[in-house]
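J.: Each chain, letter by letter, is given below.
Number of protein chains: 2
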Amino acid sequence: MDKYIIVGLGVFGRSLAKNLIQKGTEVIVIDKEMDLVEEVRDIVTYAVCMDSTDEKALDALGLRDVDVGIVCIGEDFEANLLTSVLLKHKGVKKVISRASDPLHIKIFKAVGIHQIVTPGVEAAEKLAYSLVHKSLLDISYISETTAAAKISVPPSFAGKTLGKLNLRARFGINVVAIHRMIETVGKDGPVLQEKVISNIPGADTVIDASDILVVIGETDNLDKVMKSL
Amino acid sequence: MDKYIIVGLGVFGRSLAKNLIQKGTEVIVIDKEMDLVEEVRDIVTYAVCMDSTDEKALDALGLRDVDVGIVCIGEDFEANLLTSVLLKHKGVKKVISRASDPLHIKIFKAVGIHQIVTPGVEAAEKLAYSLVHKSLLDISYISETTAAAKISVPPSFAGKTLGKLNLRARFGINVVAIHRMIETVGKDGPVLQEKVISNIPGADTVIDASDILVVIGETDNLDKVMKSL
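Which chain is which? The protein sequence lines are R and U, in order. Heads up: the first sequence begins at 951 in the numbering used here, then just goes up one per residue. Heads up: the second sequence begins at 951 in the numbering used here, then just goes up one per residue.
Pulled out of the complex, with its shape left as it was, chain R reads as follows (with noise of 0.2 Å):
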């Protein structure tokens, strides 16, 4: 398994060292806040409470076992960018750093950071997205122009089949999935449960009007069929 080391305990950098941690892997941390750093001491590998610029205290971690390093320090962009290039001087097989806007992307890239990362901005754009779409129950990119997107279904849609719909003809996306609410007895009672009736449905599938639909398809596209909606 590889070794990790985290830099930056906001809430990205916790949850990131809880879900490696969790997944077996070796992981270090580092924050200059003492809070944070025993927040997180009993569960991770190792905790050190210091300074990521400072390049001496680096040395002394033996970063050259390390395989993958993860930047998280949001606000702050030259401490950032100043660890970011430290972990790689000193030998990170891998630097993975937090960006923050389009500029600071540019300079990671500039100075040779291996992976970037932007949780802000693209939470961002997804919750934007499905505001303006009130349709759209959720949106994930797959690629910049490609997205999967649950919709719920336009009442034109309802009773007809995928085939008659035609929506890869008409809208040029596809629809992977139908999940549909059903009502299950539980101890309390009748409970609504969603429930996955057909991945990859075929041509006489039948919608119905409570159903929620898995589309595929370019951004674009899908921006098309959810103005005609």
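The set of hints was computed from the structure by calculation and includes no laboratory data. One or more hints might be untrue.
Listed next, the in silico DSS-like pairs over lysine-lysine satisfying Cα-Cα at most 30 Å (straight line) [claimed, not checked]:
(1) K1056/U with K1044/U
(2) K968/U with K1056/R
(3) K953/R with K1174/U
(4) K1177/R with K1006/U
(5) K1174/R with K973/U
(6) K1044/R with K1174/U
(7) K1174/U with K1043/R
(8) K953/R with K1006/R
(9) K968/R with K1174/U
(10) K1177/U with K953/R
(11) K1059/U with K968/R
(12) K1044/U with K1174/R
(13) K1006/U with K1044/U
(14) K1177/R with K1056/U
(15) K1044/R with K1177/U
(16) K973/U with K953/U
(17) K953/R with K968/R
(18) K1174/R with K1056/U
Computed Cβ-Cβ distance ranges for the label pairs, DEER-style [claimed, not checked]:
(19) K1174/R with A1060/U: 35 to 43 Å
(20) R1014/U with M951/R: 24 to 32 Å
(21) K1174/R with D1015/U: 24 to 32 Å
(22) L1053/R with M1000/U: 22 to 30 Å
(23) V1135/R with R1118/U: 28 to 36 Å
Just so it is clear, the structure is predicted and the values come from calculations on it, not from any experiment. All C-beta atoms in this analysis are idealised placements derived from N, C-alpha and C, irrespective of residue type, glycine included.
Mind docking chain U on chain R? Use the hints.
T.: For chain U alone, kept in the frame of chain R given last:
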């Protein structure tokens, strides 16, 4: 178009404001840091520097007209909770709050917050998953248990048809798209470009060793596939 109010101009709040404005909506932003307010003043409908937990100051904004309030305050949970509850009581029709851990989610639900977003937590889950599964290039969750993943083709798949590989029966996953790297000649010589060669490929589609497969399935099944690669 709906009217939005965004409280907290960190990375997530700023990105959200920009995205909503781009989609042609009316956006009011609030932060207690003047620098952050100034940064977005020219692009939003109305920018206010104030403490969002100050009930009288909030009253002066006329919140009854606002359709959606999104509280993006990151690390200060108390300020986030107070603001969220105030927006709800002042007549904002839908209140969305940013949460950073499971306990916060429970509290937001208990006070009747309509929607909860967890940008850092979701991004961390996704990154941890892709770090431990090397053949996984990207993953997008469609629901809690279903995801779309981009995976590189394992050597054993190359040259075979999808029909022969029979991934649906063997692993319970469906290949919904195939991306292939294509070499094109630009003005500076040959460039590798990713191109979608097939959406919903058929049983007779032959997989190339350098293809990228977009697959959909339950996360447990995706785990199994990736472990077997």
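J.: Check each numbered hint against the structure and report the violated ones by number, ascending.
T.: 4, 14, 18 and 20
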